[in-house]
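For the protein sequence lines, the chains are A and B, in the order given. Just so you know, our numbering puts 100 at position 99 of the first sequence, and the rest follows in order with no gaps. Just so you know, our numbering puts 155 at position 94 of the second sequence, and the rest follows in order with no gaps.
Simulated from the structure, these hints should not be mistaken for laboratory data.
Below are the PhoX-like pairs computed for lysine-lysine, each with C-alpha atoms no more than 25 Å apart in a straight line:
#1 B:Lys118 x B:Lys70
#2 B:Lys118 x A:Lys102
#3 B:Lys70 x A:Lys102
#4 A:Lys102 x A:Lys74
#5 A:Lys16 x A:Lys74
#6 A:Lys23 x A:Lys74
#7 A:Lys23 x A:Lys10
#8 A:Lys58 x A:Lys23
#9 B:Lys144 x A:Lys102
Fair warning: this is a prediction, and the values are worked out from it, not measured in the lab.
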Amino acid sequence: AQRVTQPEKLLSVFKGAPVELKCNYSYSGSPELFWYVQYSRQRLQLLLRHISRESIKGFTADLNKGETSFHLKKPFAQEEDSAMYYCALHNQAGTALIFGKGTTLSVSS
Amino acid sequence: DGGITQSPKYLFRKEGQNVTLSCEQNLNHDAMYWYRQDPGQGLRLIYYSQIVNDFQKGDIAEGYSVSREKKESFPLTVTSAQKNPTAFYLCASSPTRPGELFFGEGSRLTVL
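Kindly generate the complete structure, drawing on both the sequences and the hints.
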């Protein structure tokens, strides 16, 4: 069965420190993975997707099929990065997204 | 103003009552989804619809029902059979193949 695991409920870092939000998945076949972000009092929105291989707001994520991981990274965290982050995966039929339980990132000065 | 509109934002219900949450979109998206968001549980898929007059159960469909009579609308009914209905409900839409989901602001249902 498809599954997304985000092992950390909360990640607290200081401003300027590197950030890595972990995401592991289980999927048979070629997965399509995404990171979504929910800032305080804002709607959940797409941050990035692995097929576009782009950097958004300084964040990058690389799909590692060998480790079945899609960790989200940023070299220098900013206070405005504080938010809830969800990793998501296409279901097998490609008709819906399956989300992880989310990780709250807290960046303090 | 384009987007997804959910109503009401807050809803209180007595046990044993059915309640319907509205979700409307003007993005001309074919697919629409309902998720339930609980603390520590993330988003769990309730129902989704790829096209008008068709919908599929998600992981936690028991106690819920939906309809998709119009492309723009995908209402969710929380029935009295749902054992733990107090939650935050999110509606989303996307072009046919889900990549970027566009979410509404959510509806918070509290059962008294």
